[in-house]
Amino acid sequence: MENLLQQLLNGVTWGSIYALIALGYTMVYGVLRLINFAHGEVYMMGAMSGFYTAHWLGFARAPSVTGLVVVLVASMLVCGLLGAAIERIAYRPLRGAGRLAPLITAIGVSLLLQNAGQLVFGADPKFFPPLLQSHEVFRAGEVAVSNIQLTVLVTALLLMGALEYIVQRTRFGRAMRAVSYDAPAAALMGVPVDRVISGTFVLGSMLAAAAGILVGLSNPKIDPLMGLMPGLKAFVAAVLGGIGSVPGAMVGGLLLGVIETLVTGYLSSTYRDAIAFVILVVILLFRPTGLFGAPTTEKV
Amino acid sequence: MSETLLEVDSLDVRYGAIHALRGVSFEVKAGEIVTLIGSNGAGKSTLLRAISGLVRPSSGRILLRGADVTRFAPEAIVALGCSHVPEGRRIFANLTVLENLQMGAWAKRGREAQGLERAFALFPRLRERLTQAGGTLSGGEQQMLAIGRALMAEPAVLLLDEPSLGLAPLLVRQIFSIVREINAQGTTVVLVEQNAHQALGIASRAYVLETGALAISGLASDLARDPRVRRAYLGDESAE
Numbered sequence: 001m002e003n004l005l006q007q008l009l010n011g012v013t014w015g016s017i018y019a020l021i022a023l024g025y026t027m028v029y030g031v032l033r034l035i036n037f038a039h040g041e042v043y044m045m046g047a048m049s050g051f052y053t054a055h056w057l058g059f060a061r062a063p064s065v066t067g068l069v070v071v072l073v074a075s076m077l078v079c080g081l082l083g084a085a086i087e088r089i090a091y092r093p094l095r096g097a098g099r100l101a102p103l104i105t106a107i108g109v110s111l112l113l114q115n116a117g118q119l120v121f122g123a124d125p126k127f128f129p130p131l132l133q134s135h136e137v138f139r140a141g142e143v144a145v146s147n148i149q150l151t152v153l154v155t156a157l158l159l160m161g162a163l164e165y166i167v168q169r170t171r172f173g174r175a176m177r178a179v180s181y182d183a184p185a186a187a188l189m190g191v192p193v194d195r196v197i198s199g200t201f202v203l204g205s206m207l208a209a210a211a212g213i214l215v216g217l218s219n220p221k222i223d224p225l226m227g228l229m230p231g232l233k234a235f236v237a238a239v240l241g242g243i244g245s246v247p248g249a250m251v252g253g254l255l256l257g258v259i260e261t262l263v264t265g266y267l268s269s270t271y272r273d274a275i276a277f278v279i280l281v282v283i284l285l286f287r288p289t290g291l292f293g294a295p296t297t298e299k300v
Numbered sequence: 301m302s303e304t305l306l307e308v309d310s311l312d313v314r315y316g317a318i319h320a321l322r323g324v325s326f327e328v329k330a331g332e333i334v335t336l337i338g339s340n341g342a343g344k345s346t347l348l349r350a351i352s353g354l355v356r357p358s359s360g361r362i363l364l365r366g367a368d369v370t371r372f373a374p375e376a377i378v379a380l381g382c383s384h385v386p387e388g389r390r391i392f393a394n395l396t397v398l399e400n401l402q403m404g405a406w407a408k409r410g411r412e413a414q415g416l417e418r419a420f421a422l423f424p425r426l427r428e429r430l431t432q433a434g435g436t437l438s439g440g441e442q443q444m445l446a447i448g449r450a451l452m453a454e455p456a457v458l459l460l461d462e463p464s465l466g467l468a469p470l471l472v473r474q475i476f477s478i479v480r481e482i483n484a485q486g487t488t489v490v491l492v493e494q495n496a497h498q499a500l501g502i503a504s505r506a507y508v509l510e511t512g513a514l515a516i517s518g519l520a521s522d523l524a525r526d527p528r529v530r531r532a533y534l535g536d537e538s539a540e
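Quick note, the sequences are listed as chains W and V, same order.
Going letter by letter, the first sequence gives residues 1 to 300 in the numbering used here.
Going letter by letter, the second sequence gives residues 301 to 540 in the numbering used here.
Looking at chain V on its own, in the form it has when it is part of the complex:
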């Protein structure tokens, strides 16, 4: 049994009157790819935002490598080894590609050179674009930059929010194969996706979120065969 890296325990998040997460519990073990699937508004992004400290949960606990980080500031959570690639990539459009990557290395100041080498090995395209402003990149390149930037902090756990959103099918496949490669290099991955088919294909375990609560969980291969999942998320009308 490998070590539990990330543990979320009966987490509740409210935005004013909206109860965005209701008693969500899940865990991620070292070396896994865990995917969270669910429809728009199910609370997937909120869950990631709570883990990385961007939103304050109203109750529940988040443990990162055994430490209670529930009330920690985002920068402390990054320093503890959990990086978040937010939805929409959130590239600093006014900074060059190199500066974007350097921003990612904030917590790992002395290891910038190694980080850059790793980013270029995964995404050779970034090396060609180094002095370009981040805002001038294409959507796919921006996604590569967003992932490369998060890896600069050498996270133990990488949270990816909809990395395939808005990308052409060829790029989607490329991104998923890179996620698999990052995982093979030893980084644990939590993948939030609407593209359930691809996500279940590379994940070891999966959780399904419905209106802020966990509905189904299990091995990704089992969920891919589960009729409820097939009907709701894999577009299989015939599933019983």
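Bound conformation, chain W alone:
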């Protein structure tokens, strides 16, 4: 029983990272109907820029909460700009070119960032500096919670709360929802659709950057190809929740994290990576709109 609780806790923590990445997939899909396969690489760039910021600013040698916050914010800014640049350079020129060309371009951008990453950062894994000294903050019987786990979970939940606020309560969020539903109609309202799309990439990329930092805290080995698997799995999480749905991505991410941890804990870690794709196949077969996706209806 206690083992199960511990597993659930680990699963939710890990899943909150998937959720942060999945949000970027789902929001971009919402406004562009594009699966941005370069999104996993944005997450990788988040971890990398965190690594360099921590070293340049000296936080790597002296762990502190301030250091963590500064590194987190800096990396989110870098990736926000990167996301906007990817949209502007790779996807915007293809607007109106159908759906296949941008999709292939997304895979191209993904490969470009993986290989450029190996060239610039080196292919060898780096060790993300311990921005927090790990210690146990809470224990009930066998269930232990470390400060790092708590930081990951709380940061992820705060960011998701902030995103939900932006989407539901702000002018920009309203425009984002309108563009997702009907971009030409939003343009007729005077909404600059391209800027809303760009802003969506910025938001999604910032969340991916945060995920990169949080992963660096809990699994400090980072390398230029680290975005591949979490990127694909976060995509599965977004499909599981219902692609295009913001709450869906959050729930899908958490669920996938829990399922993966349980499979690792009770079956075998060999199946850990396979289970996500089994879920993908099952969802696509039986409920392609995911848990929260509305069945697609004809707009009249």
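If you're looking for bench data, these hints aren't it; they were derived computationally from the structure.
Built from N, CA and C at the ideal position, the CB exists for glycine as well.
Check the hints yourself; a few may be wrong.
[As the list claims (entries may be wrong)] Computed spacing ranges between beta-carbons, pair by pair:
(1) V/497 to W/98: 33 to 43 Å
(2) V/361 to W/158: 50 to 60 Å
(3) V/363 to W/111: 47 to 57 Å
(4) W/291 to V/330: 51 to 61 Å
(5) W/92 to V/304: 31 to 41 Å
(6) V/373 to W/169: 21 to 31 Å
[Said to hold, decoys possible] Covered by chain V, per the in silico footprint, the following chain W stretches (three or more residues, Cβ under 8 Å):
(7) 167 to 179
(8) 189 to 195
Please build the complex by placing chain V on the supplied structure of chain W, with the hints as guidance.
Below, chain V alone, put in the same frame as chain W:
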């Protein structure tokens, strides 16, 4: 002679091999209701879509309040005072009625409160539905919301595409009387309609589009008596 608000000069629009508009020229003066009538596929909606920047004309010019807006983005055209209520209403079904109206006020951020008051005065029903999702409204309510939303941008020219489409006769009359009221409040109206009878009844001038080109134009009252118009658009078999 009042000021010309909107001027379209030998406009051509092509969708691939289809020549949707051929050398269409027309103008709209401040304060008018101008109607464009024609059968399905005549190019009426395309003309409105070109004016509001949703489709790029292959040649010709569009002048809005004297400014050449031919290559402008839709949002710039809204900001210059021309709003378009598209065919099929295109309500944001996932947004509440209030949010839909707020979207309309995008270009007039500081004047949202006045805009809402005006929308509620014209369409009291919208006030009762404020927190409801746009998609849950009836067809007539959606049309009211679509018009109210476009008015939030305080346009000088309002382009209305088939506002009566799919509505019960009673609602159709209501919509037409509201269009007249909006016009009386000082908004110039370009009305695209298949319901030629009602449209000619409230318009001052009319243009007839046939297969992408202007066929007939003149005072609405003259067109309503024109035998060609009566036969083709008013269902008058006996007209010679």
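A quick look at each hint next to the structure:
no.	hint	in the structure
1	V/497 to W/98: 33 to 43 Å	holds, 42 Å
2	V/361 to W/158: 50 to 60 Å	holds, 53 Å
3	V/363 to W/111: 47 to 57 Å	holds, 48 Å
4	W/291 to V/330: 51 to 61 Å	holds, 54 Å
5	W/92 to V/304: 31 to 41 Å	holds, 36 Å
6	V/373 to W/169: 21 to 31 Å	holds, 27 Å
7	167 to 179	holds (count 5)
8	189 to 195	holds (count 5)
Violated hints for the displayed structure: none, as all numbered hints are satisfied.
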